[in-house]
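Undergrad: Sequence lines, in order, name chains A and B.
Under full-length UniProt numbering, the first residue of the first sequence is numbered 1, with each subsequent residue one higher.
Under full-length UniProt numbering, the first residue of the second sequence is numbered 1, with each subsequent residue one higher.
Bear in mind the hints are in silico, worked out from the structure with no lab data behind them.
Any given hint could be a false lead.
[What the hints assert, rightly or not] Here chain B is said to cover these stretches of chain A; the calculated rule only asks that three of the stretch's residues, wherever they fall, bring their Cβ under 8 Å from a Cβ of chain B: (1) 406-420; (2) 554-562.
[Unchecked claim] Just so you have them, the derived chain B footprint on chain A, three or more residues with Cβ under 8 Å: (3) 66-73; (4) 566-579; (5) 584-595.
Note that the coordinates shown come from a computational prediction; the quantities given were computed from them, not determined experimentally.
For glycine and all other residues, C-beta sits at the position ideal for the given N, C-alpha and C.
Number of protein chains: 2
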Amino acid sequence: MIEHANFPTEPWCLRETALDLERLAQTESLFALSNGHIGWRANLDEGEPHALPGSYLNGVFELRPLPYAEAGYGYPESGQTVINVTNGKPIRLLVNDEPFDVRYGELTSHERCLDFRTGLLHREVEWVSPAGRDVRVTSTRMVSLVQRSIAAIRYEVEALSSPIRIVVQSEIIANEPLPAPRGDPRVAAALECPLVHAEHAAHGARAGLVHTVADSAQVVAAVMDHLVQGPAGTSIEAESFPDLGRTTITVTLEPGQRLQLTKMVGYGWSGSRSVPAVWDQADAALAGAMHTGWDQLCAEQAQFLDDFWQCADVELDGDTRIQQAARFALFQVLQAGARAEGRAIPAKGLTGPGYDGHTFWDTETYVLPVLTYTAPNAAAHALRWRHTTLPMALKRAQQLGLAGAAFPWRTIRGEECSAYWPAGAAAFHINADIAAAVVRYVRATGDEAFEGTVGVDLLVHTARLWRSLGHHDGRGSFRIDGVTGPDEYSAVADNNVYTNLMAQHNLTSAADVAGRYRERAGQLGVDPEEIASWHDAAAAMYIPYDDVLGVHSQAEGFTGHQTWNFAATTQAQYPLLLHFPYFDLYRKQVVKQADLVLAMQLRPDAFSPAQKARNFAYYEALTVRDSSLSACVQMVLAAEVGQLELADDYLTETALMDLDDLEHNTSDGLHVAALAGVWTALTAGFGGMRETCISDGTAMLRFAPRLPPGLSRLAFGVLVAGRTLRVEITATAASYVLRNGKPLEILHHGAQISVTTAEPMVCPIPELPMTGPRPSQPAGRAPRRHSEDRT
Amino acid sequence: MIEHANFPTEPWCLRETALDLERLAQTESLFALSNGHIGWRANLDEGEPHALPGSYLNGVFELRPLPYAEAGYGYPESGQTVINVTNGKPIRLLVNDEPFDVRYGELTSHERCLDFRTGLLHREVEWVSPAGRDVRVTSTRMVSLVQRSIAAIRYEVEALSSPIRIVVQSEIIANEPLPAPRGDPRVAAALECPLVHAEHAAHGARAGLVHTVADSAQVVAAVMDHLVQGPAGTSIEAESFPDLGRTTITVTLEPGQRLQLTKMVGYGWSGSRSVPAVWDQADAALAGAMHTGWDQLCAEQAQFLDDFWQCADVELDGDTRIQQAARFALFQVLQAGARAEGRAIPAKGLTGPGYDGHTFWDTETYVLPVLTYTAPNAAAHALRWRHTTLPMALKRAQQLGLAGAAFPWRTIRGEECSAYWPAGAAAFHINADIAAAVVRYVRATGDEAFEGTVGVDLLVHTARLWRSLGHHDGRGSFRIDGVTGPDEYSAVADNNVYTNLMAQHNLTSAADVAGRYRERAGQLGVDPEEIASWHDAAAAMYIPYDDVLGVHSQAEGFTGHQTWNFAATTQAQYPLLLHFPYFDLYRKQVVKQADLVLAMQLRPDAFSPAQKARNFAYYEALTVRDSSLSACVQMVLAAEVGQLELADDYLTETALMDLDDLEHNTSDGLHVAALAGVWTALTAGFGGMRETCISDGTAMLRFAPRLPPGLSRLAFGVLVAGRTLRVEITATAASYVLRNGKPLEILHHGAQISVTTAEPMVCPIPELPMTGPRPSQPAGRAPRRHSEDRT
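Starting from the given sequences, assemble the full structure and let the hints guide the process.
TA: As structure tokens, then:
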């Protein structure tokens with residue numbers, strides 16, 4: 001889509017110069033605003049036309065029964081699904097007798113622009129009504145990153161060539177009708193009218209609605225107030241109904257005259273507080289925002305983003321399109337996680353209802369690495385949210401007959417919501433993924449207060465899970481049988497390498513913190529025997545390796561399976577899961593998404609360079625990338641094994657995942673993990689950045705930068721223990737400098753260097769060793785060659 | 001239950017001498033009558049009290065949507081579930097002003113008796129009404145094995161000590177209310193009012209109802225007529241309503257006077273014929289039965305059974321209880337299959353709605369062996385039914401991306417109805433089970449007309465399935481990955497030994513018939529290349545064996561799995577599937593039901609005697625028998641490896657499965673396969689009977705008889721190519737004789753002998769070789785020691 005002529009390449013914003021109604025669903029996602037707490041899809045101000053109306057509040061969901069034609073023990077009976085809450089966006093406009101609707105009359109111009117530095121969505125429209133009256137409508141929309149319960153819109157309408165009678169209706173609407181969902185398991189369940197009226201009121205320019213969610217028993221309040229500037233005679237009236245609050249402004253504009261409306265919307269919600277309390281909460285937030293005022297809200301927003309970009313900005317010379325995509329990606333990752341604070345970060349952020357609004361393992365594995373190094377507080381909040389769900393995870397483990405904690409494969413509040421256990425409950429690796437995110441966060445920040453509390457709890461309980469999930473076999477190996485790894489085209493296999501390596505890391509990390517925080521660990525009942533049993537299991541962990549082929553087997557037996565008949569598979573049959581039975585996918589060598597390859601990224605120490613190259617080539621030939629989570633991981637390993645052009649192609653794919661709608665479902669929301677993967681591809685891929693421990697146990701970042709042809713310069717920043725490290729890479733050298741703080745030891749292509757604030761450490765980039773031929777992908781599944789269309 | 005004092009041990013009937021309302025659901029199943037076409041649960045004549053009203057017509061079902069919280073490609077969207085059709089049993093009785101109801105007044109005596117030789121269910125009741133009027137009610141019920149559309153009841157009521165005003169209402173009732181189902185996945189789905197009224201009529205003593213089944217669009221007609229003998233002044237009137245046909249007989253009986261009512265019920269049903277046509281069909285059947293008359297119907301029934309027992313009777317000296325159970329089992333297997341003719345034989349026969357009325361692999365593997373050797377026409381009909389579903393199986397294979405035919409794991413009409421694929425669609429062994437049943441039937445009967453048509457089709461299409469399902473690996477072995485064997489506590493495993501051995505047999509059998517019936521095979525497109533590819537795959541079939549343990553691994557990797565913690569499992573936690581997640585069951589060494597052990601029974605040639613003994617002992621320690629299909633198989637192998645007392649214990653368990661309600665769900669219908677297993681346990685277990693091929697390819701039966709202590713004599717008959725072979729076994733010798741036909745070559749303990757009609761061949765039984773210690777079972781799961789309670 002971004003390749004469309006309507007989307008000019010710009011470094012600091014996403015701009016659309018003409019409205020394409022066919023792509024409305026996708027642009028509603030791309031231009032969505034969120035602060036991790038409130039999410040507004042980019043539905044047009046006037047409400048219609050729309051593809052998918054969407055307003056989301058993090059953690060607001062409805063329960064739905066999960067039906068099973070054949071039930072089984074431990075299947076979750078109730079699912080949680082995100083709901084479209086009270087919509088605070090609509091500002092309808094009547095031009096004389098005709099509603100402003102881009103489908104009628106003449107749309108002279110239509111431009112939208114999402115500015116990554118101001119955090120504002122601008123829109124400017126010129127429209128001639130069917131009766132020939134022309135107006136200019138401009139709006140600026142924000143979801144405040146500073147005042148997290150607030151969203152706001154500045155809306156102006158100007159009469160152009162003739163006087164016009166204007167009626168503006170600014171609304172909050174509950175229980176909007178939604179389009180019927182498509183028959184795709186990745187789409188959300190549809191719930192009609194999930195909101196039950198509790199209270200409504202209006203006075204002055206204000207109106208408010210309070211609802212409860214029928215079965216989840218949450219309370220949701222949405223209130224709005226307005227500042228209006230218009231010619232003399234402008235009248236304002238507010239009214240309310242159970243599902244509608246409406247402020248009506250009426251005025252006649254002479255040519256050149258304008259009506260300006262500033263709409264502020266406050267939201268409040270709670271699963272435990274009462275209707276009056278939640279209503280007050282929303283009203284208070286609104287009062288604060290009205291007191292702040294529009295200009296100051298905008299200034300705060302810009303300052304918040306300035307602080308973020310100061311550290312986090314990624315600069316690419318040589319590819320303006322990827323430059324734009326990288327900033328878009330970082331901006332959206334920030335929007336998803338910045339202010340989630342005590343709630344989950346869903347797979348789609350708050351940009352659409354895809355996957356029922358659930359959060360999965362990719363939050364910890366894909367999103368948190370970015371936040372850890374660019375907005376560490378947000379990463380801590382996300383892990384603290386996991387920690388709040390520990391009681392549910394302990395209970396779930398008990399239900400499954402296991403020790404420790406079993407975190408849910410997919411959830412909103414913390415309960416397991418997966419209704420297909422082979423690709424849900426069996427994907428236990430999520431527990432090790434959480435543990436790895438804890439370790440990564442602590443190493444990056446040195447946050448000992450977190451480590452000694454939340455960290456100990458999460459690591460100990462997940463280690464206990466692994467210890468009870470695995471067992472020693474007759475040869476003394478520690479095996480983890482019958483689990484599902486990241487690749488969802490295999491399931492319920494023995495000794496998945498990714499799972500076993502991550503579990504190993506989980507076990508040793510738990511042993512480490514339990515040894516260092518003895519009191520907390522003791523309160524959890526950890527004793528030296530248990531710590532020893534974790535060490536033993538980790539040391540004896542079984543990692544399947546195929547001696548004949550000379551590659552690691554993704555799981556035991558995998559390399560003996562029949563290879564998928566790629567030649568006989570048409571491109572229309574992808575994604576395979578919609579055209580072939582799981583039965584057939586599971587029993588053959590075909591990989592949906594990086595699994596063994598992800599293990600090589602996250603446990604680089606467990607593979608020799610030669611193994612990495614051989615494994616990468618082997619799995620490249622099997623991986624179809626039917627998941628948005630794959631390309632960025634393949635990019636990182638391609639870069640590591642020296643396949644820089646292939647890495648560049650995968651970078652492009654992951655960077656354009658949503659902008660070009662490569663998965664054909666950006667309409668349901670953005671792929672936040674894939675967006676996070678753009679940053680990881682750049683830093684871990686071309687930057688060669690890894691977390692590593694040197695021999696004395698000290699955590700240290702290492703870099704092994706190397707750029708592909710065509711990219712002349714890459715710069716990025718990472719926050720390490722409060723210090724901003726800027727890394728700048730060219731074809732021949734990398735320079736490292738600290739923006740602040742005491743010197744930092746890092747590794748550059750294996751050599752330890754000390755980086756200071758004084759002046760950049762410039763290190764030459766060694767020549768690329770001989771690499772093998774470019775690995776091939778399954779027929780028709782090679783990534784598009786980026787070099788052929790570089791802009 | 002049979003151990004209860006109310007159930008005296010009798011050789012030729014099942015008798016209950018007092019009514020136990022607590023066990024009504026079970027006795028409704030045990031005393032059920034069926035001819036494989038119509039099934040009537042043994043609900044009391046007066047309709048209430050009842051546990052589960054049940055009238056079934058083979059093949060009459062309703063569709064129900066199969067819901068999936070997370071759907072997947074190829075999941076069946078529509079299920080088929082047996083419905084309770086128009087009930088022709090009720091005969092209500094009003095004694096003066098009070099309805100005859102055993103829960104009120106005084107039940108002086110109540111006896112029921114199911115006679116295995118007459119095929120009649122007798123009931124005799126003496127009852128004193130709450131007002132003190134005493135009556136004797138006797139009824140005799142049959143479902144005709146000769147006139148397959150007919151059921152009939154002779155009902156008599158006699159006034160005992162005082163004159164009584166009697167009103168008898170004989171009814172046919174549609175859409176009876178049913179109790180809500182329990183929360184057990186093995187129970188049927190509940191459908192309310194599945195029958196839609198089409199027509200009704202009444203005149204004379206007759207009434208009829210015609211309904212359609214809403215979604216399956218079948219037509220069901222039930223008609224009844226009556227012969228009444230009573231004192232002068234007996235009045236008769238019939239009336240009909242949409243869901244009720246009723247014939248009312250009114251009379252006053254003096255003490256000693258009786259009213260005798262003969263009720264005949266005709267059923268007709270069709271998925272393709274019209275309402276008038278089906279109604280006519282039922283009326284015609286009824287006219288025929290009325291013409292035949294009650295006495296002749298009874299005579300026909302007795303003759304039918306006499307013919308059956310003549311060949312099939314099993315005699316046991318030394319255990320009257322097992323003698324009774326064995327005849328009960330044979331009688332019920334006959335009832336399930338005798339007249340199914342073009343329809344499936346469901347897992348519960350037509351005795352209850354359990355498993356939705358579906359047929360599974362156990363029909364071919366457990367039930368057809370019995371019918372093949374005792375009622376071969378019924379076996380042929382069952383296989384011809386499978387053959388009629390071939391178009392659906394071909395289509396299903398195509399949907400799954402496979403060649404040949406993929407028969408459904410569970411179905412009524414032929415479409416796959418399994419909503420949980422790991423234990424459904426993935427259990428591909430059903431296809432080889434069907435093939436094995438074909439080969440067995442042909443070998444036993446020499447039915448070349450069948451072999452050259454139905455046989456070729458079934459064998460070729462199933463062989464094609466296996467050829468496409470498996471593949472040659474790098475070492476040249478033919479592997480079948482990711483399938484589920486009989487043991488449902490493992491799933492989706494590679495190279496299940498049972499599956500691979502049965503597939504091997506399927507492939508070679510198909511190659512054999514395709515070579516002998518070239519024209520038919522050629523019409524199916526079979527050429528020498530394809531035949532060669534079947535031979536190749538069969539010859540290269542991979543059979544996992546654990547060299548360290550010296551046992552076959554049930555599937556690849558199985559013996560490396562953790563052993564289930566039996567010590568920590570309480571008896572209340574069985575069956576495990578109701579108390580533990582599949583996830584945990586699948587990944588551990590715990591066996592629901594004989595799998596590798598069944599492979600040793602059905603492919604005895606594939607294992608050495610030493611392997612059999614070691615394997616048997618190994619799997620005994622893992623097998624919990626949470627399936628009714630297990631004990632009979634364990635019995636056969638226990639006998640083969642010389643563990644005769646253990647075999648005796650398993651015989652007892654399988655023989656009492658329903659009579660003692662060991663699975664706690666006989667209420668939902670009888671376990672027909674387990675009942676069939678009683679015969680198999682006796683013939684294949686103590687008789688050591690196996691089908692085998694000698695070197696020149698000739699099929700031959702072999703016997704290796706050996707009795708356990710306590711059993712002094714076992715005799716049974718098998719039909720081989722139209723000849724009845726009687727086998728009589730004592731502790732020291734076996735005698736073989738033919739009742740008819742030319743001499744038959746068999747093997748006795750390895751020695752070939754020729755059996756004739758002239759005189760019994762008496763062969764000594766060699767001494768039992770040294771056997772190992774009695775294998776042990778998981779804690780608490782040993783079978784009850786039969787020797788301790790032998791009667």
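Undergrad: So, for every hint listed, does it hold in this structure?
TA: For each hint, the structure was consulted:
no., hint, verdict
1, 406-420, "holds (count 3)"
2, 554-562, "holds (count 5)"
3, 66-73, "holds (count 8)"
4, 566-579, "holds (count 3)"
5, 584-595, "holds (count 4)"
Checked against the numbered hints listed earlier, the structure breaks none of them; every hint is satisfied.
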